[in-house]
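Under UniProt numbering, residues 1 to 445 are what the sequence shown spells out, in order.
Hint data in this document are derived by calculation from the structure and do not stem from the laboratory. Quantities reported herein were computed from a predicted structural model and do not represent experimental measurements. Each hint should be verified, as a subset may be incorrect.
With beta-carbon atoms standing in for the labels, derived distance ranges [stated by the list, open to error]:
hint	residue 1	residue 2	range
1	Arg384	Glu98	19 to 29 Å
2	Lys286	Ser214	22 to 32 Å
3	Ser396	Glu98	22 to 32 Å
4	Arg384	Met164	45 to 55 Å
5	Glu194	Lys331	19 to 29 Å
6	Arg328	Val294	44 to 54 Å
7	Glu309	Glu168	19 to 29 Å
Heads up, the beta-carbon is just placed ideally off N, CA and C, and yes, glycines get one too.
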Amino acid sequence: MPLPRRRSSFLGQQAQAPQADRPTGGSRRVSVGTSSGGSSRAPGIYVGMVPTGEASSLGTRVSRQALGISSVFMQGLRSTTPVIMTQVVERSRSPTFESLNGCLLEYMEKVRALEQVNRELEEQIRVYLDKKASSAASWGTLRQDWEDIYRQVSDSILDNARLMLQTENVQASAEDFKDRYENEQPFRRAMEDEINSLYKVIDDANLTKMDLESQLENMREELDVLAKGHEEDVKMLYNQLAGSQLDEPDAPIETSLDHILEYIRAHWEKAIERNRAETDAYLEYKQQSESVNVKMSQKEEELESLKTEFNDIGCKIQSLQAETETMRALKRGMENSLYDAKHWHDIELQNLGSVISKLEAELGEIQGEADQQKKDYETLLNNRMKLELEIGSYHSILDGEESRYHPHKWVSGGGPADGEGQPASYHSGTQDPEPSTSFSSAGQK
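Can you make the complete structure from the sequences, with help from the hints?
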């Protein structure tokens, strides 16, 4: 940072003897200090090796202790300045001018050295900012990778949500089937009870059927026996009738016609009575056989209806058994699919958890690196601000000293041998200001 204006410094004295006794080599040690009584050397502040020819041979690193501007001036202000200023005022004018010219030359050299150091620091800051910009460009690739990873994580989260939704749907379907199964259980138990009751009815019907069949066989046997007995009776009647026509009545032969007619009438009345009795017995037997046949037909109809009902119930039982087996198979299939879905869901969750943990670790590393870079950048900014504050305080102190101790007259063509526009004389027409007051005000600035 170039300083176009000339600067003058506060009054001071060299740490060593006069200017003619100073070394004139390639570099010299510059110190700021005061001496009391001319014998003892006050503690000064070492600034560094200031070259007499060029200021570019300074090192790039200047520590706060080597170039601490505020330390230089604060310690100079804290030194025994009032005593020195009193001694300087008490001295003659020509030694005072020589001391002022020497201090001015030293501080001008210090200013040049500090300007060179400032330029080097600015160059270092510029190089660091360029590196920071290049690292920001490399951050673009990291940002692209991070965006890809973030996109993959988002896709994984969406897939996980989709799998969770599918799992919830499967669980809802399983719960629905479970509810339906539980709701069907009372109907199933009622149907089983009805089927058991129907089994009992079927057993009773079978027993009734067996009883009716046995009764039917007995009645058929009785019918056969009755039919055979009827045929035998008919044959016997026919034989009797045939034999009665040939038989002669066992009666005495009467010559009277009345007796003969009476005998014949009695004989035929007996035959008619016997035939009527046989006919009534036959009709009664026939009616009984017809009633038995009617009863048998009714029993057979009831048996047929029971058979049809039994067949219908058997079909219903088979259909219910088929439906039950179908529901059991469906339940087993749904349980297997639910188990498989839970298994694959757990596997996917484990895989996604491992991927997310890896991504979180990488993201933590990236954030740590970014925080570290941010801290480094803030440290450099703080260092730069401190340097700028120190340079500003240095300039403010120089401006304050220049305003208080500025000579009223400069020699344009003359001056020292180096031709740097040094002040030729110090106008002392008025009384010099109080040294202690001037230094205290400069310290406050």
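Hint-by-hint comparison with the structure:
1. Arg384 <-> Glu98: 19 to 29 Å: 39 Å Cβ-Cβ, so the 19 to 29 Å window is violated.
2. Lys286 <-> Ser214: 22 to 32 Å: For Ser214 against Lys286, whose Cβ atoms are near 25 Å apart, the range 22 to 32 Å holds.
3. Ser396 <-> Glu98: 22 to 32 Å: holds, 28 Å
4. Arg384 <-> Met164: 45 to 55 Å: holds, 53 Å
5. Glu194 <-> Lys331: 19 to 29 Å: For Glu194 and Lys331 the Cβ distance comes to about 23 Å; the hint holds.
6. Arg328 <-> Val294: 44 to 54 Å: holds, 51 Å
7. Glu309 <-> Glu168: 19 to 29 Å: violated, 49 Å
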